Amino acid sequence: MTAAVPYPLVQVLQVLTVAAGSPLVSGVIARAEARLQGRTGPRVLQPYYDIAKLFRKEALAPEDASWVFLAAPLVAMACYLTVPLLIPVLTTFGLPLGYMGDILGGGFILSLASFAVTVAALETGDPYAQLGASRAKTFAAITEPVVLFVVFVVALVTGTDLPYALAATVRASAGQIVRPAHLLAAAALFMVILYETGRIPVESHSGTSEFGMIEEARPFEHSGPYLALLRWGSAMKQLILYVILINVFVAPWGLAASASLGAVLLAIAALLAKAAGLGVIVAVIDNSFAKLRLFKITEFTAGAFLLAVLGVLTLYLGGG
Amino acid sequence: MAAVAPPSVFAGGANVIAVGVLLAEFGMLRQAVLRDQVRLYAAQSALISALAIVVAAARHVPELYLLAGLSASLKVVAVPLVLRRLLRGVGAERAGPGWTDIAGTGALSVASTVLLAIAVAAFGFFSVAALRIHSPVLPDTALAISVAVSLVALVLMIMRRDVVSQAIGFLSLENGISLSALVVAAGLPLILEVAFLFDLLVAAVVFGLLIRVHHGRAESVSTAELTRLRG
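For the record, the sequence lines run as chains E and W. Whatever position you read off the first sequence (first residue = 1), add 9 for the working numbering. Whatever position you read off the second sequence (first residue = 1), add 739 for the working numbering.
With the C-beta cut set under 10 angstroms, the calculated list includes, among others, these residues of chain E facing chain W:
| hint | residue |
| --- | --- |
| 1 | 166 |
| 2 | 167 |
| 3 | 169 |
| 4 | 183 |
| 5 | 189 |
| 6 | 308 |
| 7 | 314 |
| 8 | 315 |
| 9 | 323 |
| 10 | 325 |
Here are the simulated DMTMM-like cross-link-like pairs (lysine to aspartate or glutamate), alpha carbons at most 25 angstroms apart as the crow flies:
| hint | chain 1 | residue 1 | chain 2 | residue 2 |
| --- | --- | --- | --- | --- |
| 11 | E | 305 | W | 775 |
| 12 | E | 146 | E | 111 |
| 13 | E | 300 | W | 775 |
| 14 | E | 283 | E | 111 |
| 15 | E | 283 | E | 59 |
| 16 | E | 146 | E | 225 |
No wet-lab data here; the hints were simulated from the structure. Just so you know, these numbers come straight off a predicted model, no measurement behind them. From the three backbone atoms N, C-alpha and C, an ideal C-beta is built for every residue, glycine too.
With the sequences and hints as input, model every part of the structure.
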C-alpha cells in the first residue's frame, strides 16, 4: 500500500495500540488460563467491561489520605502512556520522539509509576496495602540490578543502549541470536517480567490470598475511576514489558519497516498476536508451577540475577 | 563504546552448550532434593557429550565421537544409576530418624550461596582472561566457563552439609575438568580420556561406599554429625 502515515501519527498509534490493546492481552491470558484448567473462563473482552464498570462507580478515599493518594493513579497512567514512545512498538526505525530516552530512561519511568503507586498505598493506612508496598519494594531491590545487567548486555552487544539498536542487531544475523549473552539476557528479562506482572511462581494473579500478595495488594483502598486507572495501568505495564521482550529481544520481526498504512496496520496485528502468544506461554507457566513461598522469592530473583550476570561475563571474553 | 562482535554460529552454539553446563552446576547448587540433583548431574554430563559431538563434527576429530559415546554411557547412565540405587538402598533399609530425601541445609541460605557462587564464577572468568590461553577448537569463553564450573562445584562441596551433595559436587567437578580438556586438548590421546572415565567410576563406587558407611554410623547423610569427635 502506498498511503503513508505521518510519523507523529505513527507515534500516537504506538501509544494507542498499547493503551487499547493491553486489556485484550490480559483477557486472552485469563481465557487461556481458564481453558487450561478446564473452565470456560471469562470473555476475552471482559477486562474492558471491568474497566468501564469501574469508571462508572463512585470513588472513595480513606479519611486521612492526602492528595498524593488521588494523584498516584494519574501519575502512573501518565508514565505508562509515555514509555510506548520510547520503545519499538510498531516500527523498525526510530520515530521522532523515540530517541528521547534509552532503555534506562524507559526503566526509570516505569519505576516512577511503581513508586507513585507505592506511596499511595503507604498513604492509606491500610495494613494490606502497606504490606504489598513494602514487599514490592523489597523484592524490587533485587530485580532492578537484574534489569541493569540486562541493559549492560544490550550495551555490550550493540555499543549503544537504544532499544531500536538491539532489535536491529538481532534481526541482522543468526549469529546474534545464538550468542549466549543474548539468550541469557532474554531469559533473565523474562523472569523479571514474571515478577513484575505478578505471575506464578511469584504471585497468584487471580483471587486475593493475603499471604502471598505483592502487586495485587497495593491498590486495595482505591475505588471507582482511580481503581480503573490502576487496573488499566497494570495491564498496560504488562503489555509494555511484553513488547520490550518480544520486539527488542526475542522476536523483532513483523514490525513496520516503512510508514505506509498497510505496514503499520500489519504491525499492530502482528504485535497483538505475538503478545497474545507470549501471554499463552505465561498462562501455561501459571498452570504448571506452584506459587513460591514468600521467602523463596529471593531464590527466584537470585536465579534471574545469575542469568543476567553470566550474560555479561560471557561477553567479557568476547565470545558471548 | 564499541559493540562486541557476534561469534560465529558454531562458536555461539558451543558457548550456549557450555553455558548450559554451568547453569546445570548452579542448578545442583540450588537443588534441595537429592534425586533431582542426580538428574541434573546426568543432564550436565549429557550436555558435555553433546558438546563433544558438536566439536567432532565441526572440527573433524573423529575419536571424539567414541569419547562422547563412552562418557555418555558412563556419566549419563551408569553413574546416576549407581547413585540412585545407593540413595534408594540407604532410604529403604534404614529409614532412621533424620533421613529424608531432602538434603541437609547448606551453611548459607540458597540465595546467598548463589550470590557467592556468582562471585567465584566471575573470578574464574577473569583469571582465564588473564592467562590468555587460546584453543584451536573451541572459543575462549568455553574455557572460562569450564573453570567457572569447577569452581562452582568446589563451592557446592564446601557449602552443602550432606554426603550425597558432596559426592555429586566431586563428580561434577570432573565434568568441569572434562569440559576444559575438551577446550584445550581436544586431541588428547583417547586412552588417557578413557582412563579418566574409569577413574570416575571408581570414585563413584568409593563415594557410594562412604555414603553407606557414614549413613550406617550416623543414621543420617548430614556431615554435621562429623564435627563432634569421638574417641
